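Engineer: Sequence:
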Amino acid sequence: MMKTNFTSLLHKGCLIGFLILLSPACALAQEQPAEKSFAETLLEESFVPALKPMPGIWIDWRKRRIHAFGRGFSREDAVGPQARLLATRAAKADALRRLAALIYGMHLEAGMTVDNWGQSHPEERKLIEGLIKGAQEASEAEQQPDGSYEIQLIMPLAAVEALTGKQIPYQ
Numbered sequence: 656m657m658k659t660n661f662t663s664l665l666h667k668g669c670l671i672g673f674l675i676l677l678s679p680a681c682a683l684a685q686e687q688p689a690e691k692s693f694a695e696t697l698l699e700e701s702f703v704p705a706l707k708p709m710p711g712i713w714i715d716w717r718k719r720r721i722h723a724f725g726r727g728f729s730r731e732d733a734v735g736p737q738a739r740l741l742a743t744r745a746a747k748a749d750a751l752r753r754l755a756a757l758i759y760g761m762h763l764e765a766g767m768t769v770d771n772w773g774q775s776h777p778e779e780r781k782l783i784e785g786l787i788k789g790a791q792e793a794s795e796a797e798q799q800p801d802g803s804y805e806i807q808l809i810m811p812l813a814a815v816e817a818l819t820g821k822q823i824p825y826q
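Positions in the sequence shown are counted from 1; adding 655 to them yields this note's numbering.
Calculated from the structure, these hints are not laboratory results. Everything numeric in this text was worked out from a predicted model, so none of it was measured. Just so you know, even glycine gets a beta-carbon here, dropped at the ideal spot from N, CA and C. Possibly wrong hints are sitting among the right ones.
Stated by the list, open to error - No farther apart than 25 Å at their CA atoms in a straight line, the calculated lysine to aspartate or glutamate pairs in the DMTMM-like style are these:
| # | residue 1 | residue 2 |
| --- | --- | --- |
| 1 | K718 | D801 |
| 2 | K747 | D770 |
| 3 | K718 | E805 |
| 4 | K747 | E792 |
| 5 | K747 | D732 |
To be verified - Just the calculated beta-carbon pair ranges, DEER-fashion:
| # | residue 1 | residue 2 | range |
| --- | --- | --- | --- |
| 6 | E797 | G760 | 21 to 29 Å |
| 7 | K821 | L741 | 35 to 43 Å |
| 8 | S775 | Q798 | 41 to 49 Å |
| 9 | P710 | A817 | 44 to 52 Å |
| 10 | E797 | E764 | 32 to 40 Å |
Let's have the full structure, built from the sequences with the hints guiding it.
Structural biologist: Below, the structure is given as structure tokens:
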């Protein structure tokens with residue numbers, strides 16, 4: 656009786672060991688995808704090139720908003736509130752410049768940027784310029800230790816998408 660139990664346990668142990676050794680190979684065989692045709696690969700791949708990283712600007716793809724920072728200095732002869740206003744205006748102009756550079760460089764589809772699209776749609780291009788100029792200030796301009804002022808602007812991507820009639824893909 657004892658011999659039979661030991662033998663049956665030995666056989667069960669070998670079977671379990673064999674299955675344990677075999678299971679990773681089965682899992683690897685299942686995980687390998689079938690080779691795709693050239694046409695399937697072209698359809699799945701996005702030909703929209705990535706945006707070049709720019710200092711002081713980023714896109715929140717979850718909330719579909721663009722954030723742009725700008726920094727500006729006032730003239731040396733300006734003092735008090737005038738210096739603050741001039742520096743804030745320079746900071747806003749810097750943020751708007753960054754925002755325009757990003758938006759006009761965005762790809763709507765393969766080979767077509769907002770800038771290219773706007774050249775054949777002059778009326779809509781003017782509206783995009785208006786959207787850029789109308790970007791909202793996220794907060795008051797803050798004075799930096801070096802005497803400059805920094806400001807953050809926010810612009811929703813939905814406004815650009817509404818004008819172009821195309822959803823801007825993740826870049």
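Engineer: Run every hint past the structure and note whether it holds.
Structural biologist: Evaluated hints:
1. The straight-line distance between the Cα atoms of K718 and D801 is roughly 32 Å, outside the 25 Å bound, and the hint therefore fails.
2. Of the pairs offered as hints, the one joining K747 and D770 holds, with about 22 Å between alpha carbons and a cut-off of 25 Å not exceeded.
3. Taking the CA atoms of K718 and E805, the gap is near 23 Å; set against the 25 Å cutoff, the hint holds.
4. For the hint pairing K747 with E792, the CA-to-CA distance comes to about 9 Å; that is within 25 Å, so the pair holds.
5. Of the supplied pair hints, the one linking K747 and D732 holds, its CA atoms being roughly 20 Å apart against a limit of 25 Å.
6. At roughly 28 Å, the beta carbons of E797 and G760 sit within the given window of 21 to 29 Å.
7. Between K821 and L741 the beta carbons are some 39 Å apart, a value that agrees with the proposed interval 35 to 43 Å.
8. Between S775 and Q798 the C-beta distance comes to about 44 Å, which sits within the given range of 41 to 49 Å.
9. The hint said 44 to 52 Å for the Cβ distance between P710 and A817, and at roughly 28 Å that hint is violated.
10. At roughly 39 Å, the beta carbons of E797 and E764 sit within the given window of 32 to 40 Å.
Of the numbered hints listed earlier, those contradicted by the structure are 1, 9.
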